[in-house]
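Student: Next come the chains, spelled out residue by residue.
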Amino acid sequence: MGHFSLRRLFRSLLIPVLAVLTALVVGAVIMWLAGDNPIAAYKGLFQGAFGSARGWATTIRKWSPLLLTGLSVAVAFQAGLFNIGASGQFMMGTIFSVWVGINFADMPAIIHVPLAISAGILGGLLWGAIPGILKVTTGAHEVITTIMLNYIAALFAGWTVYAGGSQGQKPGPLWDPAAKAISQTPPVVESARIPFIFGPPYRVHWGIVLAIITIFVMAWLIYKTTIGFELRTVGQNFKASKYAGIRVGWTIILAMMLAGALAGMAGAIETLGVNFKFAPEFGGSVGFDGITVALLGQTNPFGVGLAAFFLASLAAGGAKMQFDSGVSSDIIQVINALLLAFVAAPAIIRYLYRIRKSPEEKETTPKISWGG
Amino acid sequence: MSENRIPALEVKHITKRFPGVVANDDVNLTLCKGEILALLGENGAGKSTLMNIIYGLYKPTEGEIYVNGKKAEMRNPKDAIALGIGMVHQHFQLVPVMTVAENIMLGAESVKKNGLLDIKKVAREITELSHRYHLDVDPYATVEDLPVGVQQRVEIIKALYREAEILILDEPTAVLTPQEIEGLFEIMKRLQAQGKSIIFISHKLKEVLYISDRIVVLRDGKVVGETTPAEATQEKLAAMMVGREVILTVDKKPARPGDVVLEVKNLRAKSDLGDEALRGVSFQVREGEILGVAGVQGNGQTELVEVITSLKKAEGGQVIINGEDMTNASPRAITQKGQSSHVPEDRHAYGMVSTYSVADNLVLNTYNLPPFAKGITVNRPAIIEHAEKLIQEFDVRTPSPHTMAGSLSGGNQQKMVVAREFSRPIKLLIAAQPTRGIDVGSIEFIHNQIVAKRDEGVAVLLVSSELDEIMSLSDRIAVMYKGEIIDIVPREEATRENIGLLMAGVKRGEKVSVAG
Numbered sequence: 001m002g003h004f005s006l007r008r009l010f011r012s013l014l015i016p017v018l019a020v021l022t023a024l025v026v027g028a029v030i031m032w033l034a035g036d037n038p039i040a041a042y043k044g045l046f047q048g049a050f051g052s053a054r055g056w057a058t059t060i061r062k063w064s065p066l067l068l069t070g071l072s073v074a075v076a077f078q079a080g081l082f083n084i085g086a087s088g089q090f091m092m093g094t095i096f097s098v099w100v101g102i103n104f105a106d107m108p109a110i111i112h113v114p115l116a117i118s119a120g121i122l123g124g125l126l127w128g129a130i131p132g133i134l135k136v137t138t139g140a141h142e143v144i145t146t147i148m149l150n151y152i153a154a155l156f157a158g159w160t161v162y163a164g165g166s167q168g169q170k171p172g173p174l175w176d177p178a179a180k181a182i183s184q185t186p187p188v189v190e191s192a193r194i195p196f197i198f199g200p201p202y203r204v205h206w207g208i209v210l211a212i213i214t215i216f217v218m219a220w221l222i223y224k225t226t227i228g229f230e231l232r233t234v235g236q237n238f239k240a241s242k243y244a245g246i247r248v249g250w251t252i253i254l255a256m257m258l259a260g261a262l263a264g265m266a267g268a269i270e271t272l273g274v275n276f277k278f279a280p281e282f283g284g285s286v287g288f289d290g291i292t293v294a295l296l297g298q299t300n301p302f303g304v305g306l307a308a309f310f311l312a313s314l315a316a317g318g319a320k321m322q323f324d325s326g327v328s329s330d331i332i333q334v335i336n337a338l339l340l341a342f343v344a345a346p347a348i349i350r351y352l353y354r355i356r357k358s359p360e361e362k363e364t365t366p367k368i369s370w371g372g
Numbered sequence: 373m374s375e376n377r378i379p380a381l382e383v384k385h386i387t388k389r390f391p392g393v394v395a396n397d398d399v400n401l402t403l404c405k406g407e408i409l410a411l412l413g414e415n416g417a418g419k420s421t422l423m424n425i426i427y428g429l430y431k432p433t434e435g436e437i438y439v440n441g442k443k444a445e446m447r448n449p450k451d452a453i454a455l456g457i458g459m460v461h462q463h464f465q466l467v468p469v470m471t472v473a474e475n476i477m478l479g480a481e482s483v484k485k486n487g488l489l490d491i492k493k494v495a496r497e498i499t500e501l502s503h504r505y506h507l508d509v510d511p512y513a514t515v516e517d518l519p520v521g522v523q524q525r526v527e528i529i530k531a532l533y534r535e536a537e538i539l540i541l542d543e544p545t546a547v548l549t550p551q552e553i554e555g556l557f558e559i560m561k562r563l564q565a566q567g568k569s570i571i572f573i574s575h576k577l578k579e580v581l582y583i584s585d586r587i588v589v590l591r592d593g594k595v596v597g598e599t600t601p602a603e604a605t606q607e608k609l610a611a612m613m614v615g616r617e618v619i620l621t622v623d624k625k626p627a628r629p630g631d632v633v634l635e636v637k638n639l640r641a642k643s644d645l646g647d648e649a650l651r652g653v654s655f656q657v658r659e660g661e662i663l664g665v666a667g668v669q670g671n672g673q674t675e676l677v678e679v680i681t682s683l684k685k686a687e688g689g690q691v692i693i694n695g696e697d698m699t700n701a702s703p704r705a706i707t708q709k710g711q712s713s714h715v716p717e718d719r720h721a722y723g724m725v726s727t728y729s730v731a732d733n734l735v736l737n738t739y740n741l742p743p744f745a746k747g748i749t750v751n752r753p754a755i756i757e758h759a760e761k762l763i764q765e766f767d768v769r770t771p772s773p774h775t776m777a778g779s780l781s782g783g784n785q786q787k788m789v790v791a792r793e794f795s796r797p798i799k800l801l802i803a804a805q806p807t808r809g810i811d812v813g814s815i816e817f818i819h820n821q822i823v824a825k826r827d828e829g830v831a832v833l834l835v836s837s838e839l840d841e842i843m844s845l846s847d848r849i850a851v852m853y854k855g856e857i858i859d860i861v862p863r864e865e866a867t868r869e870n871i872g873l874l875m876a877g878v879k880r881g882e883k884v885s886v887a888g
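So the protein sequences, as listed, match chains V and F. The numbering used here applies: residue 1 is where the first sequence begins, and numbers increase by one. The numbering used here applies: residue 373 is where the second sequence begins, and numbers increase by one.
Source of the hints: derived by calculation from the structure; they are not laboratory data. Treat the numbers as computed from the prediction; the structure is a model and nothing was measured. Treat the hints with caution; some may be incorrect.
List time: in silico DSS-like cross-link candidates among lysine-lysine, alpha-carbon distance up to 30 Å [stated by the list, open to error]:
1. F:Lys-450 x F:Lys-561
2. F:Lys-746 x V:Lys-224
3. V:Lys-239 x F:Lys-642
4. F:Lys-709 x V:Lys-224
5. V:Lys-239 x F:Lys-709
6. F:Lys-799 x V:Lys-239
Sample of chain F residues lacking proximity to chain V, with all beta carbon distances greater than 10 Å (derived) [as the list claims (entries may be wrong)]:
7. Lys-431
8. Lys-485
9. Glu-500
10. His-506
11. Asp-508
12. Leu-518
13. Leu-548
14. Pro-601
15. Phe-655
16. Met-724
17. Asp-732
18. Val-861
Glycine included, C-beta positions come from ideal geometry on N, C-alpha and C.
Could you put the whole structure together from the sequences, leaning on the hints where they help?
Tutor: See the structure below:
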């Protein structure tokens, strides 16, 4: 890094761009085999995402959480760690921020909003620290522990808003009694809501600006600081980082905390800028889509930004696609899955397009081993 | 032998291009029946590429290969094996937990009518082969229990079992004791007597002169010369390899040892596998002297260096640097507070990050210090400037400081590591296998640098399995055997023979009979 060349830029874009094209083509074939019209579908998809101001607004709204969970997975990848736990960290970020958001009603917004976002960041950070600490102290592989922690986070979040049962089971501490039998929190108070840049019906909030700033902060951290040097060295060569005098254990924990913080921030922004409350069905696949985003973005923060924008546009255009062409918006999930396969196994793309691997090329897909 | 000159293998106009590199450039080579042909060349000269082409691992860009006068199409190693070509790789391709017989039949399994493996038949055939070529080996022994020299024999038998007529031995002596090397040479002579043809790849000039019938020298992918041991000398061969005159002997003044810099007391440690690797090692290294640690690989030298540099935990004993107890201190404390440098044995694992630029590698363990770091930010201009200076000073051949370190040749990677470690103000230098797998030109350079450090008053601990290196650089020689220092011999009293015996675990004064 630090040394820029057009050739290198071209090479690093080649695989992701071809992966996207291939996923779209294979997606089209699948639609065609199912008797649908892929051209109409893609036209609808494009129009849904970019054909109107509302479309753009939806794309941008969906961009920030994907961007942040993508950065979360990417920063862990930089340190050689596979963070499958963005989903759980997102959830903890949500819970922490919603707690601050539904309390402190008389706080001024200028304090309340940052406080609630910080709480979300803290929630994710703590949740991310756990697999890091477990890896360093016991050797437990982060893939296993983060998956487990995802379940724990989802169940914990569900419990906090549990509406109670008819046999006298106690409701959760964050449950909104006004919602009666529905398990959800009370609405986030006005002072904790992230202000809109464009109000209804667009509902584009300032969270996206925060997310974009985060791209630059992460790029700076990863490539321009000694902390980033340590992260990357641990990720590239564990033994050499020990030799270099880097505190490897601490670096691993730090990377996981950063990853958690970013995913937690995504949860906070979604809660305080879009949903204004929490219910167990929120969150969806955004944590897991972070993996696709990180790989498609080649774990580079700017690449992650672009990749997240692409996935956000797919998500935003899905509804209009279904409406216009009759193709189920589930096909978006299929395309996402294909995309993940192609970016996770770049050998497929290299083989399909007969791309030789240059000796200079760094393997961006991390070497994921089970050895710990 | 080569009088008949019936070609067994002919390589004609082989060119192999990789993106941006011509690894082999119009190479012509003939191996005659019953001949030992030495292929000599620096790292990156194209020896391995050429052998990989002959063995079917690479496809040549241009050119043809003839086996026994017939044009051969080698698509994969299977084709090569079918044509009677066998290869013994530098890194053995054996499964440690399997027996000799299982390893040998791997990929060429004998199967009984009922579909089960016929291990007995294989064992019988192995015994037969080992009698014919005097390659003693027990077919039922587990490979990991065997000494390295015997493992190598297993590799040779594996090739013979597949009816190889042409054997390619890739740096076969790198892992052996002097006595084992003699054993290997006897085996090679016997194979030759039985009509086998051998390509012997080496960078050790003495060995090449001793064993081969003909010597072909590669440089920059081209054949630059062909000679015979009768016509050649070490100096001539080295000059052919490097393309300029090379001084093979290290010129050094007598040592002037000063205060003790490194003291190791009764050091104990376990290997990665949990065995006792160091069983109470004690020694001192003083300012201005080079203590050479000789020994066959795997006798605790690796662990010794790792424990001193804190890459591995000491289980007992003490490491004292500059009078301060640094046992199990952090690696950073050892380098920065202990003012020490470490050229690690395995440069790919420890010494460098191959996906990093040369510039970043040159600050691998000083990145956190000014001027390379300003607070927590990296000072890129300072790093580049530092790199440019060291690249020039240490003659690291790299297109630019931004070039990825992994794309440099082995010799230049090592020069990069040496540049980093030698350019700091230090009191202690720990150099482990500092010239392993690198070319003669770089070896000369690194040796001179080590001696220069000694003359500046640095205490040098040199660990090497190359006896020549130990002999030419050390002021005192410690020999390790099974986790202990079996003896420390002043350079004046050391000979290849007495050090060789110590390496085999025979103490001075003990009587032994050495075969051969």
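Student: Next, verify each hint and record whether it holds.
Tutor: Hint check results:
Of the supplied pair hints, the one linking Lys-450 (chain F) and Lys-561 (chain F) holds, its CA atoms being roughly 27 Å apart against a limit of 30 Å. As the CA atoms of Lys-746 (chain F) and Lys-224 (chain V) are separated by approximately 11 Å, the hinted pair is consistent with the 30 Å bound. A threshold of 30 Å between alpha carbons decides the hint, and for Lys-239 (chain V) with Lys-642 (chain F) the separation of about 18 Å falls inside it, so the pair holds. Of the pairs offered as hints, the one joining Lys-709 (chain F) and Lys-224 (chain V) holds, with about 26 Å between alpha carbons and a cut-off of 30 Å not exceeded.
Between Lys-239 (chain V) and Lys-709 (chain F) the alpha-carbon distance is near 21 Å, which keeps this suggested pair within the 30 Å criterion. Between the alpha carbons of Lys-799 (chain F) and Lys-239 (chain V) the distance comes to roughly 24 Å, so the proposed pair stays at or under 30 Å and holds. The beta carbon of Lys-431 (chain F) sits about 13 Å from the closest Cβ of chain V, which is more than 10 Å, so the claim that it is off the interface holds. Here Lys-485 (chain F) stays apart from chain V, with its beta-carbon at least about 40 Å from theirs, past the 10 Å limit.
With a least beta-carbon separation of about 41 Å from chain V, Glu-500 (chain F) lies farther than 10 Å from that chain, consistent with its non-interface assignment. No beta-carbon of chain V comes within 10 Å of the beta-carbon of His-506 (chain F); the shortest separation is about 41 Å. Taking the minimum C-beta to C-beta distance to chain V, about 37 Å, the non-interface status of Asp-508 (chain F) holds against the 10 Å cut. A cut-off of 10 Å between C-beta atoms confirms that Leu-518 (chain F) is not in contact with chain V; the least separation is 26 Å.
Remark: the non-interface label on Leu-548 (chain F) is consistent with the geometry, its nearest Cβ contact in chain V lying 26 Å away (cut-off 10 Å). Remark: the non-interface label on Pro-601 (chain F) is consistent with the geometry, its nearest Cβ contact in chain V lying 37 Å away (cut-off 10 Å). With a cut of 10 Å on Cβ distances, Phe-655 (chain F) stays outside the contact zone with chain V, its closest approach being about 23 Å. The claim that Met-724 (chain F) lies off the interface is violated: its Cβ sits roughly 6 Å from the closest Cβ of chain V, which falls inside the 10 Å cut-off.
A Cβ of chain V approaches the Cβ of Asp-732 (chain F) within 10 Å, the least distance being about 8 Å, so the stated non-interface status is violated. For Val-861 (chain F), the requirement that its beta carbon stay farther than 10 Å from each beta carbon of chain V is met, with the minimum near 31 Å.
Violated hints for the displayed structure, listed by number in ascending order: 16 and 17.
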